[in-house]
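Dock chains X, B and Y with the ligands against the given chain W, drawing on the hints supplied.
Chains as they are written, first to last, in my numbering: chain W, 237 to 662; chain X, 427 to 846; chain B, 23 to 305; chain Y, -3 to 387.
Misleading hints may appear alongside valid ones.
A few chain B residues facing chain X, derived, Cβ under 8 Å [said to hold, decoys possible]: (1) Arg226; (2) Arg229; (3) Ser230.
Some chain B residues well away from chain W (every beta-carbon gap over 12 Å; in silico) [as the list claims (entries may be wrong)]: (4) Gly36; (5) Phe99; (6) Thr120; (7) Met148; (8) Glu232; (9) Leu260; (10) Pro300; (11) Ala301.
List time: in silico BS3-like cross-link candidates among lysine-lysine, alpha-carbon distance up to 27 Å [claimed, not checked]: (12) X:Lys486 <-> B:Lys186; (13) Y:Lys253 <-> Y:Lys298; (14) W:Lys325 <-> W:Lys345; (15) B:Lys251 <-> X:Lys496; (16) W:Lys410 <-> B:Lys251.
Derived from the structure by calculation, the hints contain no laboratory data.
We put the CB at the ideal spot given by N, CA and C, even for glycine.
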Amino acid sequence: MSITCFVGTDLGSTTTKSIVLDERGDILGRGITNSRSNYERAAQVSRSEAFINARFNLLRREVTAAAGHDVLEHLLRAFRLEQTLAQLKRLHELTLGAAAFDIPGKLAKPAREAVDAIVAAIRDEELARFTEIDPSRRSDFFRDAVGSAWSRLAIELADPDGVTYDMLLGLYDKCIIQVENEPLALGFSDHIGTALLRIGDPADVHTGVQHAVETELAVLGEVGTGYGRQRLPFPKEMIRSEILCHGLGASTMFGGTRTVLDIGGQDTKAIQVDGEGIVTSFQMNDRCAAGCGRYLGYIADEMNLGLHELGPLAQQSTRTVKINSTCTVFAGAELRERLSLGERREDILAGLHRAIMLRAMSLLARSGGVDDEFTFTGGVANNPAAVSALRGLVTENYGDKTLNISPDSIYTGALGAAIFARRSAN
Amino acid sequence: MVIQKEMIAEHYERLERAPETGEPVVYTFVPGNLTELIRSFGCLPVLPEINALQSGMRGKSRDYIAEAEKHGHSEDVCTYVKCDIGMVLAGNIGPTGTKLPKPDLLLLSYTGCYTFMKWFELLREQYDCPCVFLHVPYQGDGIIEPEHREYMVKQIKELVIPALEKISGRKYDEDALRERLELSVQAEDDLVWVLESAKNTPSPIDAYFGAVYYVGPIFSAFRGTPEGVAYYKALRREVQQRLDAGLGPVAPAGPLNDQKYRLVVEGPPNWTHFREFWQMFADEGAVVVASTYSKVGGTYDFGFRHNPADPLGTMGDYCAGCYTNHNLTNRIDMLCQYLRDYKADGFLINSVKSCNSFSAGQLMILREVEKRTGLPGGFIESDLVDPRYFSAANIKNRLESYLQMVEARRAGGSREARAS
Amino acid sequence: MQNTVTAGIDVGSGAVKVVVMEFTDGTPKVLSQISSRIRKRDIADVVNEVMAQATAASGVAAIDYVATTGEGEDIPFATGHFYGMTTHARGALFLEPTATAVLDAGALHARAVAMDPRGKVLNYKMTSQCASGSGQFLENIARYLGVSQAEIGPLSLQADRPEKCSGICAVLAETDVINMVSRGVSTSNILRGIHESMSGRFARLLRSLEHGPVIFMSGGLAGDVGLVKALEDEFAALKAPTGPPPRIAPHPDSIFAGALGAAIWGEFRHRKLGAAAPAWKAA
Amino acid sequence: MSRTAIRSEVVEWASGIYEDLEFTAVRQWLEGHPGRKACGYLPVYAPREVIHAAGMLPVGIHGSGNIEIIRGDAFYQSYICHLPRSIVEFAQSGRLDMLSAVLFPSTCDVIRNLSGMWQILFPDMYVRYLDLPQVADPALGAEFWRRELEVVRRELGRVAGVEVTDARLRESIALYNEVRAIIRQLYALRSEKPWQVPTEELYLLMRAGELVGPEAFLEKAREYLTAAQSDDQRVRDRTRVIITGSFCEQPPLGLIKTIERAGCYIVDDDFLAGNRFLTGDVALEGDPTTALAEALVRGAVKTSVLYEPDPAGKRNLMKNRVAAARADGVIFAAASFCDPALLDRPMLRDGAEKAGIPCIAFKFAENSGQFQQFREQAGTFSDSIKLWGDA
Ligand SMILES: Nc1ncnc2c1ncn2[C@@H]1O[C@H](COP(=O)(O)OP(=O)(O)O)[C@@H](O)[C@H]1O
Ligand SMILES: Nc1ncnc2c1ncn2[C@@H]1O[C@H](COP(=O)(O)OP(=O)(O)O)[C@@H](O)[C@H]1O
Ligand code: SF4
Ligand code: SF4
Ligand code: SF4
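With the rest of the complex left out, here is chain W (with noise of 0.2 Å):
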């Protein structure tokens, strides 16, 4: 079986995602990943998750009508880990080697044996993870889950005399770029055949299983957006700006949408589009990176704590406490201070989003204003706090007005790039 399908790609300054679309224009699957130093590996890797996504979206139906839909589930987290297994088991290789060559002598070896236990029990954390039933929430991506396992591991098995934490840390952070950049086999037929064994390889999920690899996805267009986009490898004229993607993706998720917020990790758009989605006027914000995604990034870096559990964190928050600075590399350090002044961690946070959300409301009334309806996309809607901040400012200064989000808004350029392929190839 063959599936005509189109590529949009958003190269993000902090993550890079792809929209695989059928023939009809739905979405047959995404794919994300964090970007990285080497900009086409990280168009390949968020473009070989859309299709391994798109893949399980077709075997879902059989699947499930098979086999039901916990073993479905099952054999998707069973291929999550046996990526993150190959992952680690490199990072484990070029780890061991890089203690070998960067710590001197009678520190070698106490050295590769910290790395050798860090491994082990990262696997054990893995492995002990495919057993829960609801394992938390964490990130999606393998740099962020293995560096925070790591970062806690080396501090319990650092010595102060001995190999250090920042050591242990450094080989850490010298080694995931290269994981990250080689071309690893991650695809679904390089590990579903592993992870099906790993679930034990039931009998009545095969057939679903055949079809989903044997199925060819047949690409007739691509177009790449975002901030990277200068260097994805596509002609000139299948390159979109990612301002126009974000209109017609945004416009296409809700059909309804006039204006357009994106907040992604460095730059903020407002925008304006018409009922076709073309857009008609927009404002990004200047040189100056305060107040984006990124900002949130370091937050949640100097707490020690997920993306997504920054939100859920600010709105505990009683009091809002008033933020002027927003730069965000000293983000951190802004934090500290105000913790340090005595103010709550919940009502620092809110400040923090109640400002970024000032900046964006600028750059909206820059752009027009905000009109009916209206939607958010890029990464930051999908922080809960983010939002309600959005909510309240809009609301306050423009009137009531229909706010959409979409679970898919980190997708939104990606699906405008999507549909843009598809486009032209009609």
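Just chains X, B and Y with the ligands now, kept in the frame of chain W:
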């Protein structure tokens, strides 16, 4: 153009020799420059803004600005001033490598820009020379009020002319001034013809990047001179030839004959990356058909000509009519008219950090012009001569996004047209 | 004359530094110096901890004057507070008697201070609230490149073709760096590029003062040999119109400059105020 | 009531007006004066006498660091000072709807262009750009300004529905002469005994004076002055400084406090410089418009807003002010991106330093929220003046 280069080089050489030849030197500003009057006293004009922009184009402004900042100037203020002050501190070698003479007089025509006043107060500290102040009232209500005109004439008569008489040792000669004004008119006519040639498709000129060269002589030392007249005649011939051949302007990397977008631009250009900046437009097939910056030294295309019959009054009108001396309503009207008359696809604002006179209010201009014309506006930010504020990637991204939007709207518009 | 013992506490945004000094007839001697990174801990706790370590190490039983500087204004047991530039200037002179200016570069700020031979602040210049070219920025980049703090300097020294890091915003500059990595620019060249942009910024700060021939480096970044080299090169390339380029003087103890200066000014005030009850006594 | 109580009551009253972002004082005045109108003016100098003579309440529009900026930023790029953002925010949120007219003096190009924006945004309000006389020649300048004042006089009269007779104008001038006198006394007392008149309090009082009309201001200012003259406070060992450069966009109150707490007494400043723009009394004889014009042309304070015809004027200005206030040093505190203040600074600072006056300079914004930088600088400044005295 070669003639222009020669004219400029010659002028700077003459300035360098001024201390020996005894020709008095008058520093003054582009907007509200009284070149004919200055020349009629046998004085040579120096325009510090032109020096600053030339320094920017020749890659010297960064150091000059650093020098001025070292002497206590803030990062926040107009970089023309700092570039000029830095140049003075660094030995006052002009852009073409010749030494600039000290001013015998600072003629401060306070026209459309607050910074002018401080600039010459600063230069007065440097040179310890006389400074004569010509207060040109702003067109707050969008008109030149008769009392204001009278006030300017009075100042020219009672303050400016005596100051010029003093440094030149000559008496005011109204006939000589009239003759010069007549030369001005000829050049003004030709300039307007050249600027309006952009109404053609394809446009034979770029009315922003190209026009800054075209307005150079008339905005600076050559209005009211035979050289100026000759230059504009030659320019007109050249443009006529391109027009006849159906050719576009020549951008840094080659001719721009295939013009996909016709734009109107508001705001001054960036000088430090001038060619790169222009080429970004050319790469996308964008030609500028009208710009407001080319009107800072006079809004001739709106009909103003120097009037030899009323020499002092006409100078007052000239000063008060320079672009930045107009209120926002007038500036908006002007842009709307350009968009219509030049059949443009949209307009773009290059907002420079240096210049409050231009920049404060541009976001409102953007919105109003969009509202009135229904045409898309774009906004980019840079600076005049401070290279630190030119971010090529950022500008390129905005420009590209903007032009893609223009294109999408064109396509969308035609789809709508088909549907109905 | 009696011996005087003073302590200087410098609370920075990244670390707390404490020195204990003894003055015999006005001649200072360092008894102990301890620094500890704050690393997300409560500042008061860190101060208490470092103070305890420093006093234990010094072996003294009582301290006559506890002087704070930096963000240490609210430390309850302090006798007096001096402002950062006052103390850095004095501390610099203690460590490098020929110093004519201080470049204090830390995680969040940089400032250049020109002083006279007595430690009087003549002029200063500081960076704004923007992180471009700050230590924090370098730290983030190093982290991204997988380079530990101690390695930054030596790596930067190995650069052969430094890559200029454009952009005013540190966040966008990070993206620049990501780009460089993807273009295969070596870590050394990237770090050196960042050092160059930082040293350009620092040199601008310094040049806007009359900084004299010897620039003492203090703050965390003084330990970064790559930055010091870049700064030296920057000045050498400038060909100062008058005389040779200034000497950049880092010092192994430079992170203690603020604390030392505070302790020394503390002794000065103590002498002026006359004997008072000791500010601190061993428990 | 004790003196301390009177004084803190006045300060509290003023502070309430300062903190209020809704201009309640103005609205209350309008309610209390049915049929009358209010006319706003931007910094720095506007002829309040003319507004008052038209029976209108003169309302100083100074911006604020406390208002959240949403629409204001939509009109201004990042490299323009903060003041017009908060002003536009006030206006766009309807908080200035009670004004019938607004005057925009020629302080700088930002305010100048704001006048054009106002014309477009609020077509129903009377808007006038006031080109202050920038001329070396007093006769020409005074004549120009007199004509401008005549226009304003006539047109505000029209807006207010009142004929602004000479008698009315003279009355207003007399009242404002009293206002100027009491402000001079307050400033003199602070310079004499800065511990008696903390700048924070003086500033709040001045700020309230911009919104309540001259009559109410005079009453409160007199109460405060009497109380402050005799309400003895502890004298601290602080350095006497002049703050200059903050004539238009105002520093946040926290900055004023920070400077004083870091060991400085502010003994002279140019906060809200408009209310001290005319240095002497305006003549009550003769044609009142001419008197006002002459007062400005011949008696304006030396400021960055006006052209300085005297070549030595900039050089000597700080020296003279320091001598008059017996200050130890000068702090140049300008709003970020403020052209008038920042372009003047090198000249003023040069002059001061040549006269051996210690100086420091920094920039603020009306919404600056973190004061460590300022504390550090003001602190080091006072440290060094204190530790080294005259050396
Ligand atoms: N699950 C999540 N919860 C909260 N915030 C998130 C989440 N995922 C991403 N973000 C935010 O989204 C930002 C990235 O948004 P994205 O639209 O991908 O940016 P870009 O396109 O610039 O890479 C991150 O910096 C982060 O703040
Ligand atoms: N050896 C080193 N090489 C490079 N950078 C260093 C080194 N040691 C410390 N730093 C940097 O110094 C900074 C901390 O300096 P510090 O003066 O303590 O800052 P603050 O006073 O702001 O706390 C951090 O950014 C850190 O990255
Ligand atoms: S502010 Fe603008 S108009 Fe004035 S001198 Fe500078 S660039 Fe020219
Ligand atoms: S303030 Fe921060 S976010 Fe803004 S430009 Fe500077 S470094 Fe970038
Ligand atoms: S603060 Fe300065 S720049 Fe801003 S409006 Fe006032 S005078 Fe103009």
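Consistency of the hints with the structure:
{"no.": "1", "hint": "Arg226", "in the structure": "holds, 7 Å"}
{"no.": "2", "hint": "Arg229", "in the structure": "holds, 6 Å"}
{"no.": "3", "hint": "Ser230", "in the structure": "holds, 5 Å"}
{"no.": "4", "hint": "Gly36", "in the structure": "violated, 9 Å"}
{"no.": "5", "hint": "Phe99", "in the structure": "holds, 17 Å"}
{"no.": "6", "hint": "Thr120", "in the structure": "holds, 34 Å"}
{"no.": "7", "hint": "Met148", "in the structure": "holds, 15 Å"}
{"no.": "8", "hint": "Glu232", "in the structure": "holds, 30 Å"}
{"no.": "9", "hint": "Leu260", "in the structure": "holds, 27 Å"}
{"no.": "10", "hint": "Pro300", "in the structure": "holds, 28 Å"}
{"no.": "11", "hint": "Ala301", "in the structure": "holds, 23 Å"}
{"no.": "12", "hint": "X:Lys486 <-> B:Lys186", "in the structure": "holds, 19 Å"}
{"no.": "13", "hint": "Y:Lys253 <-> Y:Lys298", "in the structure": "holds, 26 Å"}
{"no.": "14", "hint": "W:Lys325 <-> W:Lys345", "in the structure": "holds, 19 Å"}
{"no.": "15", "hint": "B:Lys251 <-> X:Lys496", "in the structure": "holds, 23 Å"}
{"no.": "16", "hint": "W:Lys410 <-> B:Lys251", "in the structure": "holds, 25 Å"}
Going through the hint list in order, the structure does not satisfy hint 4, though it satisfies all others.
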